[in-house]
Amino acid sequence: MQVKEKAIELLSSGKVSRVLGWKQGEFCYDLTPAVFESAEEVERSFVFSPLAGANLAKYLIAESRKEGVVAAFLKPCDSYSVLQLCKEHRIRRENVYLVGVPCEGTVDPDLLRENAKGLTAVREAGGTLVCDTLYGEKRVDLSAVLLERCKVCKSKKIVVFDELLGENGEENPQSTRFAAVEEIENLTPEERYAFWQKELSRCIRCNACRNVCPACSCETCVFDNAKLGTDNKAPASRFEEQYFHIIRAFHVAGRCTDCGECSRVCPQKIPLHLLNRKFIRDMNTLYGQYQAGADEESLPPMLDFRMDDCEPSAARGGKQA
Amino acid sequence: MQVNGAWQPTIVAFCCNWCSYAGADLTGTNRLAYPANVKIIRIPCSCRLNPLFILRAFGRGADGVILCGCHPGDCHYTTGNYYARRRMTLLFSMLDFLGIERERTRVEWVSAAEGAKFAAVMNDFVRQITVLGENKRLEDFRCK
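Sequences listed follow chains E and Y, in order.
For the first sequence, our numbering begins at 1 and goes up steadily by one.
For the second sequence, our numbering begins at 1 and goes up steadily by one.
You can take every hint at face value.
Ranges between beta-carbon positions, derived for each pair:
#, chain 1, residue 1, chain 2, residue 2, range
1, Y, R60, E, A125, 56 to 64 Å
2, E, D308, Y, L32, 26 to 34 Å
3, Y, R60, E, E311, 26 to 34 Å
Straight-line alpha carbon distances no greater than 30 Å define the calculated DSBU-like cross-link-like pairs of lysine-lysine that follow:
#, chain 1, residue 1, chain 2, residue 2
4, Y, K136, E, K319
5, Y, K136, E, K198
6, Y, K136, E, K233
Source of the hints: derived by calculation from the structure; they are not laboratory data.
We put the CB at the ideal spot given by N, CA and C, even for glycine.
So here's chain E without its partners, still in its complex pose (with noise of 0.2 Å):
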């Protein structure tokens, strides 16, 4: 509750024009993102829960071209977002008031939905997500019904803020966010085709990866342009990726801060970070550790060079046949 208390004052001390936060989605289980323009507003229907999964950051490059200040919670995933953002300068950061929230993971709502059946409310209580069902309260452990991205969290830490709500965390480099990928990498040529055209196949080309994204803030999208043929979607017998994924991916690379967005909005379950991942580890192993939006200074891979840089024939996604 701290958070919406953090909200109500901000807003009518004047302090900001506006907050960007959580309400109520349609179901329990679900929070979406929304700009409370008043005090009465947030006590209405601001909502904080580890159910509050959504990245705000890319909310922010359009709210911060706006008139007066906005204040905007982040947790930590996301203010490596927003830090990236600041870089590349499609926030501005002078017209946002940021607040750090620390997390202790996020809840992955299919996953609770099948750990409480016909859920009808959801409140948090040190840990544990008290359930109502219409089977009777349910108490479900936290650490049972977090996302993927939150099992594997590579930093609790908060890299951008004007205020901080409790105590910073640490980057936890024991992450082993890689693990996935590399069990892929041990598979054969032909698994790895089979396993991607298994699960990109059920892609419906619905584009929420690309809309919620915050590292894809392009104006215009190449994927926007209807001449390019491929707007929809490819014939069952075929292989989905001919461009879209692998393009998603390769735009964000060195700037995708592994928030793990697009595979939490993909409606058929794709495991996307995946392709984002194994951007992020080639570029770990052959051009030296590199992570998006933990700094303003750094330069990232995709714009830099050295002269003694590996050939494109060294290049290996995995066991050779």
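Place chain Y on chain E using the hints.
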């Protein structure tokens, strides 16, 4: 590509204007032979090659795509090919990760004086793609 009922590979070669395109010219002036399967597309610099161009070529029926540029250090625009090198490394790695045959894509540095190298590279690449066979995995019916 079907020629007299038999399959022949289609190769798209992206050549930079300053080195490799001139190198290909030299191949011709020297009367060196390289297969007619190679379709050359001239680009101002190897770093002009958008990864989409490669996927587009595959989508529309290319069986192999090769990028030729100035040798690292010799770029007409000083550093273009260094950026191209990083991009292509990542793209090829990703294609391999998705299970697309690694041999279908290649980068070669060919200078304007290396007509013989251009012919040798193209001969070798066409042979390699012929062994590999038709590109099925990246072909795209929507774009044809």
